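So the sequence lines, in the order shown, correspond to chains P and R. Residues 1 to 612 in the working numbering are what the first sequence lists, from first letter to last. Residues 1 to 90 in the working numbering are what the second sequence lists, from first letter to last.
One thing to keep in mind: the hints can contain errors.
[What the hints assert, rightly or not] A short, non-exhaustive set of chain R residues, derived as facing chain P with CB atoms under 10 Å:
{"no.": "1", "residue": "Glu11"}
{"no.": "2", "residue": "Leu14"}
{"no.": "3", "residue": "Lys15"}
{"no.": "4", "residue": "Ile18"}
{"no.": "5", "residue": "Asn64"}
{"no.": "6", "residue": "Gln77"}
{"no.": "7", "residue": "Glu80"}
{"no.": "8", "residue": "Val85"}
{"no.": "9", "residue": "Ala88"}
Honestly, the hints are just simulated from the structure, not real lab data. Keep in mind that this is a model prediction, so the values were computed, not measured. Glycine included, each C-beta is placed from N, C-alpha and C at the ideal position.
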Amino acid sequence: MKGTHGKLLEVDLTQGKTKDLPISEQTFRRYLGGRGLGARLLFDLLPAKTDPLSPENVLIFLTGPLTGSMVTGSSKFVVVTKSPLTHGWCDSYSSGRIAIELKKVGYDGIVIWGRSNHPCYLKIDDGGIEIREADGIWGKDSFETERMIKEIEKNPSAGVSSIGPAGENLCKFASINSDLYRQAGRGGVGAVMGSKRLKAIVVKGTKGMDLHDRKKLTELNRESYQRALKSQVAQARMKYGTPLTLNITYTGGILPTKNFQFGTWEKALEKIDSVGVYKSVKSHKSCISCFVHCSLITEASEGKYKGITVEGPEYETLGMFGSNLLIDSLPTIIQANVLCDKLGLDTISTGNVIGFIMECFERGLISANQTEGLELCFGDGEASLTAIELIANRKGFGDILAEGVRAAADHIGEDSDRFAMHVKGLEFPAYEPRGAFGSGLSFAVSPRGACHRRAWPPAKEILGGYPPYTVEGKAEMIKELYDENCVLHSLLVCDMPAKFIPLSLDDYSNYFHAVTGEWISKNDFLAIAGRIETLIRMFNLREGFTRKDDTLPYRTLFEPLPDGPAKGQFIGEENLNRMIDDYYACRGWDSAGVPTKSTLQKYELPNEELNG
Amino acid sequence: MKIIINIFGTEISLKQEISLELTSPTLKDVLMALKNQYKGQLERFIKDDLSPVEGSVILVNGRNIWSLDRFETKIHQGDELTFTVLVAGG
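Pulled out of the complex, with its shape left as it was, chain R reads as follows (with noise of 0.2 Å):
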C-alpha cells in the first residue's frame, strides 16, 4: 500500500509517497515500519515507543490521532501522515 507522509518541524518534506507491504495496518503497524525506515526524519517525533515527543503531534489525514482511534486508527492506501511540532496562531 502506499502512504502520504508530511513533516513539519526545522526541516520540512512535504507529501512523500510511501510504500509499505501491510495490509490492513493500524497506525501502530505502520509507525513501527516508518520508525526503522526513516529514523533519521521521525525520531524528532516519535519516542522509542510510538509515542510522540513532546511538542509534537501525528496526524492521520488532518486530524489529531488522539482525536481518532489513536494507535488502533486503522491506515488505508492513500492516506495521510503528518508529523508536525506544535505550530501555534498566525
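Okay, chain P solo, but in the shape it has when bound (with noise of 0.2 Å):
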C-alpha cells in the first residue's frame, strides 16, 4: 500500500540486535496505522500480566499511512505500551519531525523490547541502525540531550525523541520529548523508554515516499487552506491557540479549580486566559506538515522567570497550572511548563498530583514534617515549581508523588482516595465533568484512564445543543466522537485541525486515496475504529480490568459542584451506570463490558482472542 512501507524496525535492546517485522497490507487495510496498528500489536505481542517496566514490556512508536504526506497535521506518531501508571492499554501521542524522518528512512514504526545493560540511545538512518552508548546523556535533560544528540551525530536536521531525568528514574508519569517543546505527554511512556535505559532515537532519512496521486494531494491540501481562511474557528485558533479553550470551560463551569473543587475561577481570566496568553505571545508556529499555525511562542514578561520562553502554555498546562492550583501568575506557569519539558514530565498528570497533595495540606491528613519541610498551599507557585523538581528526581516526598496520585492516596490513606481525580490510574485532564456527564463517561469508559483525546464532549455539551446534565444520548454522542478520533489517531493526524477548519471523514476519505490509492468510506473508516476499540477493549480485559475499572472519583460521583452553571451537579452512581450499559450496548459488549460473539464476529475479530 502505498503510503507506508510494509515493515517496523524491532529492535532487541538486551542482545543489542535489531531485524525488519514486516506489516502486511491486509492489517494496513484493517488496523490503518497509528492506533490501530498499536492496538493489533499490542495484543499479539505482549504477553498478558507482563510487568510494564520489566524488559518483556515493549515499547511502539507507529506513524500512520497518511505520516509525511502533505496533509495537514500528518507530522504525528504514537507510542503504544502497557502503562506503568495504569498496567493496561496505553497511547500516547506526538508531533515531531522523528515521525517524518522514520517514513523517508523507510519504516513505519519501532518496536522496542528489552533492556541495555548501559545507558544508550537509537540511531537510524540511511547508513543503517546502530544502538549507541549514551552514558555521557544519561542525566541529562531532554532539552540538552536533543542539543548534545543532534551535535554528535552533526545532523541538526534529525528528529530526536528522548526522556529527561523523570524517564530515567521510572516517574510514572514521564514523557517522552521531541523537537523540545512536543511530549507523548500520557500514561508514563518515558518510564518504559527509561526502564530500558533507552536515553533517545535519533533519525534521519532522505528517502521520499512513494505517494499515489501528488497532485491531488496537493488540490486537497489548496482546498483545505481555503477552507482554514474562511473559518473564523480556525482563524481563532491560530491567533489564540488551545489557550481559547480556558474561556468556554470557565463559562460552562467546567474549569478544574482548586483539585476539582469548583468549576470556575474569575481570576484566571485576563491572566492565565486566552487574553492573559495573548499578551506574552512573541510569535506564531505551526507543526512540521501542518499549516495552522495554532502553536504559541510564549515569554514570561514580568518577574523572577521574566524572559523564559516556551512553546505553549497549553490549555492543559494552564487549567492543571492554573485554576486547579490557584495560580494565575502566567510567568510561574510557563516556568512549570518549561520544567516539565525539560525534566520530561506530563504536564497534565503532574499539576493533578500537586493538586491532590495541596488539598491534602488543606485538610490536615499531611504535614511538613512528612514533606521534608516542603509546604504546598494552593496558590503557591514557588512551592509546586519546586514539588515538580522533587517529582522528576524521585527526592523525598517526590518519589511518592512519581507513583501518581492513586498511589499518592493510597500511602496517605484516609479517605484522601476521595479527592485523587484519576481513572485507572490516569490522571484526569483540565475537565470537571460534574458540569457536563458525557465527559464523565468518556473518562470513565477510555481504556487508558481520563482521556481527554479520545473525545472532547464540551463541543457537544457546552458549545453544542446536548444537555450537559443528563444522560440520555451521551453513550451514542462518546462513541461517536471516540470513533471518529479512532479514526484519526490512527490514519495518523492531529485530531485539530478536522475540528476547526473543519475537516471530516469524507475530506479524509479523499486524502487516504490521494497518499495510498485505496479508497476506504466514512462508514468502512467507522466499522475500523468500532474494531480497534473492541480489540483494545479485549487486551484490558486480558489484563485483568473489569466493569467496575470504568468508574469515576469519589468527588465526581457524589459530591455537589459548589458553584458555577452546574452549581449543585454530581453524576451519582445510578447516571453513570446508565451511560456506562447504554456506551457499551452501542459498541456491541455485553453488561460486564464484554465483546459479544456477534460484534467479535462482526469486527472480524476470532473468538479465541478473548481468552488470549
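Hints are included, so try docking the two chains, each in its own frame, into the full complex.
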C-alpha cells in the first residue's frame, strides 16, 4: 500500500540486535496504522500481566499511512505500550520531526524490546541502524539531550525523541519529548523508555515517500487551506491557540479549580486565559507539514521568570497548573511548563498530583514534617515548582508523588482517595465532568484512563445542543466522538484541524485515496474504529480490567459542584451506570463490558482472542 | 436590566456589562436590542434572522441555547450571554 513501507524496525536492546518486522497490506487495511496498528501489535506481542517496567514490556513507536505526506497535521506519531501508571493499554501522541524522518528512512515504526545493560540511544539513518552508548548523556535534561545528540551525530535536522531525568528515574507519568516542546505525555511512556535504559532515538532519512497522486494531494490541501482562511473557528484558533478553551470551560463551569473542588475561577480571566496568554505571545508556530499555526511561542513578561520562553502553555497546562492550583501568574506557569518539558514530565498528571497534595495539606492529612519541610498550599507557585523537581528526581516526598495520584492517595490514606482525581490510575485532564456528564462517561470508559484526546465532549455539551446534566444519548455521543478520533489517530493525523478547519471523515477518505491509492469510505473508517476499540477493550480485559474499573472518583460521583452554571450537579452512580450500560450496548459489548460473539464476528476478531 | 456579554472570536471581549430597557425579555428580545446597539461586534456571530452564523454558537449562562428554550429562553438580570466560535480541544 502506498503511503506505507510495510515494515517496522524491531529492536532487542538486551541482545543488541535489530531486524525488520513485516506488516501486511491486509493489516493496514484492517487497522490503518497508529492507534489501530498499535492495538493489533500490543495484543499479539505482549504476554498478559507483563510488568510494564520489565524488559519484557514492549515500547512501540508508530506512524500512520498519512504520516510524512503533505496532509495537514500529519507529523504525528503514537507511542503504544503497557502503562506503568494504569497497568493497562496506553497510547500517547505527539508531533515531531521523528515521525517524518521514520517514513523517510523506510520504516512505519519501531518496536523496542528488552533492556540495555548500559544507557544507550538508537540511531537510524540511511546508512543503517546503531545502538550507541549514551553514558555521557544519561542524566541530562531533554533539551540538552536533543542538543547533544544532534551535535554528536552532526545532524541538526534529525528527528530526536528523548527522555529527561523523570523517565530515567521511572517516574510513572514521565513523557517522551521531541523537538524540545512536544510531548508524548500521558501514561508514563517515558518511564517505559527509561526502564529500557534508552535515552533517545535519533532518525534521519532522505528517501521520498511513494504517494499515489501528489497532484490530487496538493489540490486537496489547497482546498483545505482555503476553507481554513474562511473559517473564523480556524482563524481564532491560529490567533489564540488552545488557551481560548479556558474561556469556554470557565464559561461552562467545567474549569478544574482547586483540585476539582470548583468549576470556575474568575481570577484566571485576562491573566492565564486567551487574553492573558496572548499578551505574552512572541510568535506563532506550526508543526511540520501543517499549515495551521496553532502553537504559540510565549515569553514570561515580568518577575523572577521574565524572559523565559516556551512553546505553549497549552490549555491543559494552564488548567492543571493554573486554576487547579489557584496560580494566576502566567510567568510561573510558563516556568512550570519549561521545567516539565526539560525534566520529561506530563504537565497534566504533574499538576493533578500537586493539586491533590495541596488539598491533603489543606485538610491536615499531611504536614511539612512528612515532606522534608516543603509545604504545598493552593496558590503557592514557588512550592509547586520545587515539587516538580522533587517528583522528576524522586527526591524525598517526590518519590511518592512520582508514583501518581492513585498511589499517593493509597500512601496517605484517610479517605484521600475520594479526591484523588483519576480513572484507572491516569490523572484527570483539565475538565470538570460534573458540569458535562458526557465527559464523565468519556473518562470512565477510556481504556487508557481519564483521557481528553479520545473525545472532546464540551463540543457537544457546552458548545453543542446536548443538555450537559443528563444521561440520555450520551453513550451514542461519546461513541461517535471516540470513533472519529480513533480514525484520525490511526491514520495518523492531528485531530485538531479536523475540528476547526473543519475536515470530515469524507475529506480524510479523499486524502487517504490520494496517498495510498485505496478507497475507504467514512462508514468503513468507522467500522475499523469499532474493531480497534473492541480489540483494545479485549487487551484490557486480558490484563484483568473489569467493569468496576470504568468508574469515576468519589468527588465526581457524589459531591455537588459548589459553583458556576453547574452548581449543585454531581453525576451519581445510577447515572454513570446507565451511561455505561448504554455505551457497552452501542459498542456491542455485554453488560460486563465483554465484546459479544456477534461483535467479534462483525469485526472479524476471532473468538479465541478473548481468552488470549 | 443589566446583563453580561462575552465575545470569543478573532477578537475577544470579556464581561461587558450592558444595560437594556427590557422587562422579562426572551433571548430573542435581547438579541434584537443588541443587534442594533452592537452590530459591529455581533454580526460575525448572528445573522439577520438572529440565528447563529455557521461555526458560532450562543450560550446563556454557559449553556448552548439549543439545550435551553432556544430564542424563547428567558433572560434575567445578571445573566451572561456568550457569543463564541466553536472552540475545539485543549
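Original post:
Can you give the numbers of the hints that this structure goes against, from lowest to highest?
Top reply: Result: hints 4 and 6 break, sorted rising.
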